[in-house]
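There are 2 protein chains.
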Amino acid sequence: MRVTILGNNSALPAFGRHPTAQTVTMYGEVVLIDCGEGTQIQMQRYGIKWKNVNHIFISHMHGDHYFGLPGLINSMSLLGRTAPLNLYGPANLKPIIDAILQAANTELKYPLVFHALPAETELLADTPTFTVHSFPVVHGIDCYGFLIEMKTRGRRILPEKCMEHGIPSEYFEQLKQGKDYVGAAGETIKNELVTEDGPTPKKYAYCSDTLFTESFLHIIQGVDMLYHESTYLEADADKAAARYHSTAIQAAKIAVLANAKQLLLGHFSSKYKDLEIFAEEAMSVFSGTIVSVEGVAYDI
Amino acid sequence: MRVTILGNNSALPAFGRHPTAQTVTMYGEVVLIDCGEGTQIQMQRYGIKWKNVNHIFISHMHGDHYFGLPGLINSMSLLGRTAPLNLYGPANLKPIIDAILQAANTELKYPLVFHALPAETELLADTPTFTVHSFPVVHGIDCYGFLIEMKTRGRRILPEKCMEHGIPSEYFEQLKQGKDYVGAAGETIKNELVTEDGPTPKKYAYCSDTLFTESFLHIIQGVDMLYHESTYLEADADKAAARYHSTAIQAAKIAVLANAKQLLLGHFSSKYKDLEIFAEEAMSVFSGTIVSVEGVAYDI
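Protein chains in written order, with my numbering: chain A, 125 to 424; chain B, 125 to 424.
Just so you know, these hints were derived from the structure itself, not from any lab.
Hints are not guaranteed to be accurate.
Since copy identity is lost for identical chains, a pair holds within one copy or between any two.
Cut-off 27 Å, straight-line C-alpha distance, at most; resulting in silico cross-link-like pairs (DSS-like, lysine-lysine) [stated by the list, open to error]: (1) K233 x K303; (2) K275 x K175; (3) K275 x K326.
Whole structure, please, built from the sequences with the hints as guidance.
Encoded structure:
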């Protein structure tokens, strides 16, 4: 599981930084979270293939989080997409997308399946690879965070042990699911002899944009990585509060309270050219802090 | 009068080329024509200041011509704009912009004055610096070209002659308007003694996107520069026709028929990496052809 940052700036593009967008990659499947202006170009730049994207999550209706969406949706159609695309966003996103498509007389070449975000915490997506829950955060308008949990791929096969016991590879899928092997002569090989525990599935939480709040702490408890917005430095804490944003130190406090293993900061105000101080301030509270850089993929 | 190309590609961004946007600068005032995704970033990159932009023209409702508009409108507000912004576009652009602003609970800090494009050729804008007429072109949906005509700044002052005749500089504005000077003692200095003809005001026509058609030739006759879309090369003339686009040779034919002084090509399909052949093909018909390059300012 890894996160690639496509845009780490807040409302105004500045210093080569773009509005918010990021992808989460799990077993080759890509989930896109937010889609600021220019996301399709950033995807090209950093080698994120639209064919691997089947789920897009939009946190809220401020433009720096979705103005790249109409272009991406359109381009996928022009490039020949036929697979359904699941779009999760605030209910008022759909009529805007519909109006844009209608004005262009565009009929997409693939099904665009819209899912309105529920007001309360809810299971949004459940695929063989991952689940996603949305949860409300506190911003000037309706705004949601996302908790992405990878699913286990089951137990890990020990190929040498399997050979030793003469288990053919077509049984591996059943072994992964924890089943014992029963041979042609009726002999049973216990599962734990030929497999071991698979890796623990990872959890990633995305919290942007939000005021400092403990309201969703119970949902993001123990995540392997927490992305939390940090629009401002501490000297501008009053500005952060007034605009329903957080500071780097506030983000770090949430990471501590949530027992997160790592903290990824983003959504930096265009008033800051140099981002080093974000790391300094946040690390005074939580040492596992990363100041996100566009184009970089962070392993979770 | 000069044109700066911010995006010269068609629907899909490719090879570092962006969707359509360009500016026309006259006496420091900037007119923006079309506003594809990423235009505000391209403006930053090429030093086009939003403060100098008071008029934006959107040719039609295909996304590659306006998906950068909501972001630019928003950014101008965040950056403290208070001066009115005139937006000219198809009538169905306004409800989309309104819905986007409403969903974000955004109230712009400046008046956004919307002007719906009329079905037939009409005077759209008349400022002290320029006039703009719109005219219908032939595309899959309602689509318009624009004719921009600079206004004369009047006669050119000959400062040495003025000094010779003792004319104070506060009279220069009247001299520019062609008036004679009458001194305190009642003596008259003929205007033509102290001024000469000013430069001939330039005309620029923007034609994108359109099928090859002679329907608007009478409007663009004699322009100093013609921008005409050339999505395809001649080998794809059938594709151009089917998709209501033009080839480079067709654009060149329009330049010949319109007696244009120069032809600027753009809106290149993402199927072409190398654009040299566009110049070759068009110049076989019209030698004054320029293949537009992003970031370059072309003097008219």
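Quick rundown of the hints versus the structure:
1. K233 x K303: neither (42 Å within a copy, 65 Å between copies)
2. K275 x K175: Classified as within; 21 Å inside a copy, 51 Å across copies.
3. K275 x K326: Classified as within; 8 Å inside a copy, 65 Å across copies.
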